[in-house]
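Produce the entire structure from the sequences given, and follow the hints as far as they go.
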Amino acid sequence: MKKIEAIIRPAKLEELKKELSDLEVRGMTVYNVMGRGLQKDIKQYYRGQEVSLDLFPKVKVEIICRDHWVERIIEVILKVCSSGQIGDGKIFIYPLEDIIRISSGERGDDAL
Amino acid sequence: MKTALKSLVLSGLTWAIITMPGIPVQAAEKAAADTGDTAFIIICAALVLLMTPGLALFYGGMVRKKNVLSIMMQCIAVMALVSVQWVLLGYTLSFGSDQASLIGGLEFLGLQGIGLTPSADFGTTIPHQVFVAFQLMFAIITASLISGAFAERMKFSVFVVFVLLWTTLVYDPLAHWVWGGGWLTKLGALDFAGGTVVHISSGVSGLVAALVLGRRHGREREAILPHSLPLTVLGAALLWFGWFGFNAGSALGANGLAGLAFLVTNTCAAAGALSWVAAEWIDHGKPTVFGAVSGAVAGLVAITPAAGFVSPLSSVIMGLLVGPLCYLAVSRVKEKLGYDDSLDVFGIHGVGGTFGALATGVFASQALNPAGVNGLIYGNTHLIQVQAVAVLATYVFAGLMTYLILKAIGLFTDLRVTAEEEETGLDVSLHGESAYGYSEEGQNTLSLGAV
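Read top to bottom, the protein sequences are chains S and L.
Going left to right, the first sequence walks through residues 1 to 112 as full-length UniProt numbering numbers them.
Going left to right, the second sequence walks through residues 1 to 451 as full-length UniProt numbering numbers them.
Source of the hints: derived by calculation from the structure; they are not laboratory data.
Nothing here was measured: the structure is a model prediction, and the numbers come from that model.
C-beta: ideal position from N, C-alpha, C; glycine also.
Careful: at least some of the hints might be erroneous.
[As the list claims (entries may be wrong)] Think about it this way: if two alpha-carbon atoms lie no more than 16 Å apart in a straight line, the pair counts; the simulated EDC-like pairs of lysine to aspartate or glutamate are: (1) S:K43 - L:E222; (2) S:K3 - S:D109; (3) L:K336 - S:E50; (4) S:K43 - S:D54; (5) S:K43 - L:D283; (6) S:K3 - S:E97; (7) L:K286 - S:E50; (8) S:K2 - S:E71; (9) S:K79 - S:E14; (10) L:K65 - L:D283; (11) S:K2 - S:D88; (12) S:K40 - S:D54.
[Unchecked claim] Chain L stretches covered by chain S per the calculated footprint, using a threshold of three residues with CB under 8 Å from any CB of chain S: (13) 222 to 232; (14) 285 to 294; (15) 321 to 331.
Pasting the structure below:
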């Protein structure tokens, strides 16, 4: 089992959800996050006082899946979220030790 | 039968009223109030009052979200405190009989002797009580304006005492000097609606208070940004709207002069918005909403002393000059000098008010208002000197008195909240409430009561 964490542009979330649903990938956890990478600071001005916006609003999507699903999901994320510009975000893949469904106590793949 | 009964009841009531102790019967020879003027000034008084909640929104949007209620509470508190102070003491100090050109006498203490007919000296076509109410609203907005300078750090208890002392010891004498027959009236200084009394006095007092209290924590390390500019825009809109009552109402009648004041007020606000935005667009490349509303307020401040004395064309020129001037004051001068006038009370009201008072000495036209005097562009070099004296006197008096009042309060208590209270935010630490949700983290479950 793997955990996929994708940090994406907020505007891409709805389309990503739809494309993943077509693959019957339904479960996900979504966070509003702030972060920075290569994207250039944005300047703001308040009564002439210059302020740099150096943390950008992004969305983090966490998806848990079986190992052989990982590449297909990455493919969908790249297709939907890549504009070719810096600021598109990143994907992180983690190995996952176990899953427990709280309502039934099922574990591992059964809990997915 | 019914009519007869009605008139009997009415005459009985009239008798009861005129013989009631405490309500003085006015002498019959006094002029009756003009109904048009009276209606107009009552509405204008309400418009000027609306400026203070407008200011609460204007300022509230500019502070961080942990302090928005504290600044709004200060504005609301001034409405309550000064309304009572004015009736008890403030009006008579401002408009009572002249004592040595410095202060009003005490004959109107508790508004005794002020009735339903006009005063012989002020607003002679409106009931004296209407004049009292109209002038009260100016005292309220002036004290409220100062709160922006020390926003996000003053103790509320200190604020309450400061407002009462400041209004009594600074505003009331100043209003007497300029409008109540004091020495600036006699000198011939022109101040149509309060450029010196309201804007310079609040601006300079704000600057002094900001210096006495010191900077907000973290001011050197990080930018302290407005939390809700839409609130600020709404507040500015209410200020602009209320300002019609402020300036047009200062004609004290529904007449041509009020019309002139109305028109130049709107024009100068518009030109101020245009010129501020133009200045920042050239300076850093972006036309901001915050700049547009700040420029409009700067324009409104500038036209205040001049409203009944200058032409619409002169008001365009004043608006075009005051925007860049105030923009430089808040974006450059404040940074250079390093004082923390949180919401630019001095930068806009002090600087804009000073400009307006001097510009009145330049653009005033006796052809427009026979009660006025010609300014510099009509060949009179005297008026601008008188205006400069009025400006200087206001700076020295308001600055010095504010310093003394704060030092006096400081003998009994700290003026500032503790560093920890400041960090937490004044809404929670002083007032026990939060503007948005229950906590900074957006957590909206709390256990009830004490644990």
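Taking the hints in turn, this is what the structure says about them:
1. S:K43 - L:E222: Given that 16 Å is the threshold and the Cα spacing comes to 15 Å, the pair holds.
2. S:K3 - S:D109: Distance of about 13 Å is within 16 Å: holds.
3. L:K336 - S:E50: 14 Å, holds
4. S:K43 - S:D54: 9 Å, holds
5. S:K43 - L:D283: 13 Å, holds
6. S:K3 - S:E97: 10 Å, holds
7. L:K286 - S:E50: Within the cut-off at roughly 11 Å; holds.
8. S:K2 - S:E71: 11 Å, holds
9. S:K79 - S:E14: Distance ~14 Å between K79 of chain S and E14 of chain S Cα, so the pair holds.
10. L:K65 - L:D283: 29 Å, violated
11. S:K2 - S:D88: Judged against 16 Å, a Cα distance of about 22 Å means the pair is violated.
12. S:K40 - S:D54: 8 Å, holds
13. 222 to 232: Check passed, 3 qualifying residues.
14. 285 to 294: Contact hint for the region 285 to 294 of chain L vs chain S: holds, 5 residues under 8 Å.
15. 321 to 331: Since three or more residues must qualify, the claim that chain S covers the region 321 to 331 of chain L holds, with 3 doing so at under 8 Å.
When held up to the earlier numbered hints, the structure conflicts with 10 and 11 and fits the remainder.
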